[in-house]
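Visitor: All chains should be modelled from the sequences, with the hints used to inform the complete structure.
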Amino acid sequence: MLHDFLTSPVIHGALIPAGLIAVVTASMSVMILAHRLSFLTVGISHASLAGMGLAVTLSLPLLPTATIISCILAVLLAWVPKSDGISEDTGTGLLFAGSMALGIVLLSQVSQSDVNLFSLLFGDILTVNPDEYRWLAFIAVLILLLLLVFGRRWWSIAFDPVTAAAAGLPVGALRILLYATVGMTVMMCVKLAGIVLTTGMLVLPAATAWFWGHSLRMLWVISMLVALTGTYIGLYISYVQDWPSGATVVLMLCCMFILSWGISWIKKEHGKKRLGQA
Amino acid sequence: MKTVNKVLEAQHLELRLAGRTVLEDVSLSLECGHFMGIVGPNGAGKSSLISLIVGLHTLSRGEIYLFGAKLTKRNRASLLRRVGYLHQLRGHQEHLPMRVENVVAMGLSRWSLPLWQSVGGKKAIAEALDKVDMLAMRTHDFRELSGGQVQRVRLARALVHQPELLLLDEPAAALDSKQQQQLYVLLRGLCDDHGVAIIMVEHDIAAITSHVDSVACLNQYIHFHAMRGEQIPEDVWHNMYGQNVHVIAHDAACIGCG
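Sequences listed follow chains P and V, in order. For the first sequence, this note's numbering gives the first residue as 1, with consecutive numbering after it. For the second sequence, this note's numbering gives the first residue as 279, with consecutive numbering after it.
It is worth saying that the hints were derived from the structure and are not from the lab. Quick reminder that beta carbons are idealized off the backbone N, C-alpha and C, glycines included. Treat each hint with caution, since some may be false.
To be verified - The calculated lysine-lysine pairs, modelled on DSBU-like cross-linking and capped at a C-alpha distance of 35 Å, are:
#	chain 1	residue 1	chain 2	residue 2
1	P	K267	V	K409
2	P	K268	V	K409
3	P	K272	V	K401
4	P	K268	V	K400
5	V	K348	V	K401
6	V	K348	V	K400
7	P	K267	V	K401
8	V	K409	V	K351
9	V	K456	V	K351
10	V	K456	P	K268
11	V	K284	V	K409
12	V	K400	P	K267
13	P	K272	V	K409
14	V	K456	V	K401
15	V	K284	P	K273
16	V	K456	P	K273
17	P	K272	V	K456
18	V	K348	V	K409
19	V	K400	V	K456
20	V	K348	P	K272
21	V	K456	V	K284
22	P	K268	V	K401
23	V	K351	V	K401
Stated by the list, open to error - Per the computed footprint, the stretches of chain P lying under chain V, defined by three or more beta-carbons under 8 Å from a beta-carbon of chain V, are:
#	region
24	161-170
25	210-216
Guide: Structure follows, in structure tokens:
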């Protein structure tokens with residue numbers, strides 16, 4: 001069965017892009033959790049429908065156009081709430097509903113063969129064409145580079161923005177860059193997990209790592225291991241059971257999260273008991 | 279040996295926030311090894327003054343000189359590398375999983391390097407934690423510390439890059455009275471032995487007077503700046519806190535009480 005899985009041409013083509021997406025989303029999920037941006041990822045992933053609608057309507061390349069529009073929307077969200085006194089979750093909610101509606105209207109005007117709404121909503125890793133492959137690889141490298149260079153600074157802003165600003169860090173600019181990077185990551189992830197399940201890919205790996213890691217580097221490594229394991233086991237199960245790939249991967253990640261939660265709870269209770277006996 | 283050196287010079291600072299004047303014509307000057315306390319009622323602009331010095335607000339008027347250089351947007355980052363700053367934590371719930379030593383490491387200037395380079399500074403981190411008596415807990419989870427321990431670790435973070443100027447906003451807030459006294463003794467030692475200049479905002483004037491070199495009474499503007507052994511006139515107190523204040527002398531060595 002495993003041999004069939006690995007030699008199946010469809011799966012074979014998906015293994016590397018899926019791994020790439022797992023590494024990138026897992027890395028960014030650490031920052032998304034640290035800055036509490038899960039709702040932003042929901043907002044942008046839905047807003048990406050508008051980007052795709054626009055790309056299809058104007059016959060622009062799908063992924064690059066949608067990525068750029070996601071970045072712009074994310075950056076808008078980074079500074080609009082502050083300047084006009086709208087709270088960030090209100091802003092995200094507005095954007096979420098408005099741009100999704102726009103996307104649906106735009107997509108309803110094009111023929112069914114141009115765009116498969118179902119694959120946009122639920123992800124379709126098994127149909128990555130060479131152009132998209134190159135684009136995904138380019139975005140992945142860019143995101144990882146940004147994360148390596150700015151990771152520590154983003155981390156210290158998440159920890160204590162006031163002290164970071166007082167140490168001379170350009171907190172506002174760094175935050176805008178982070179939001180733009182989240183926008184890019186979301187678009188990348190939409191290809192694998194789809195709009196509906198993107199949040200899972202961008203939250204669950206780090207949420208699982210949160211139980212075990214105690215430093216930025218450790219969290220990053222654990223989060224990547226979780227995402228890769230979940231992705232490959234999920235893909236395998238989806239192949240064997242003929243389940244949708246994106247949903248299966250996210251279900252796997254959920255299982256790993258719940259398992260980690262359980263183990264860390266038992267460990268804590270055990271520790272308490274030992275402390276009580278001592 | 280202490281060399282007399284201007285660390286901070288603030289001239290005619292004015293700060294307006296949302297149309298309200300928070301600070302007006304505040305001038306300060308601080309030399310190496312000088313320990314200054316700032317007291318004043320709630321909302322007097324004490325916290326605003328020190329966050330103004332680290333550039334968290336934009337000055338409406340006036341000039342700030344740090345280590346002899348005028349503070350501008352361009353040189354801000356490099357000048358602030360020589361400053362340690364501790365702000366008040368208001369309703370902050372820590373959620374990042376970090377060890378105590380990693381929190382302190384964030385105070386090092388090498389922290390901003392890309393992730394493929396190591397931060398190092400193990401010795402400096404250990405020394406800073408030792409100063410605040412938290413070395414034994416360096417591998418503990420920061421989220422599980424008590425309020426007083428959190429405050430001491432934050433202070434270690436402010437000290438780890440060996441700043442020449444320390445700006446502290448109610449650093450003793452979460453500490454018990456014994457720990458408060460230990461903290462003041464530690465700060466006094468930094469001034470005397472390492473020539474660090476310190477500005478400390480504190481609402482409890484009685485607790486700090488035997489440790490500091492001078493006390494500035496601030497309420498929108500500086501009402502009085504008393505040196506050690508000098509008495510703060512009663513009308514200054516009344517202007518700052520209202521007519522119902524009675525100053526009671528409790529210690530011959532203390533500033534302001536005579």
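Visitor: Against the earlier hints, flag every one the structure doesn't satisfy and list their numbers going up.
Guide: Failing hints, ascending: 9, 15, 20.
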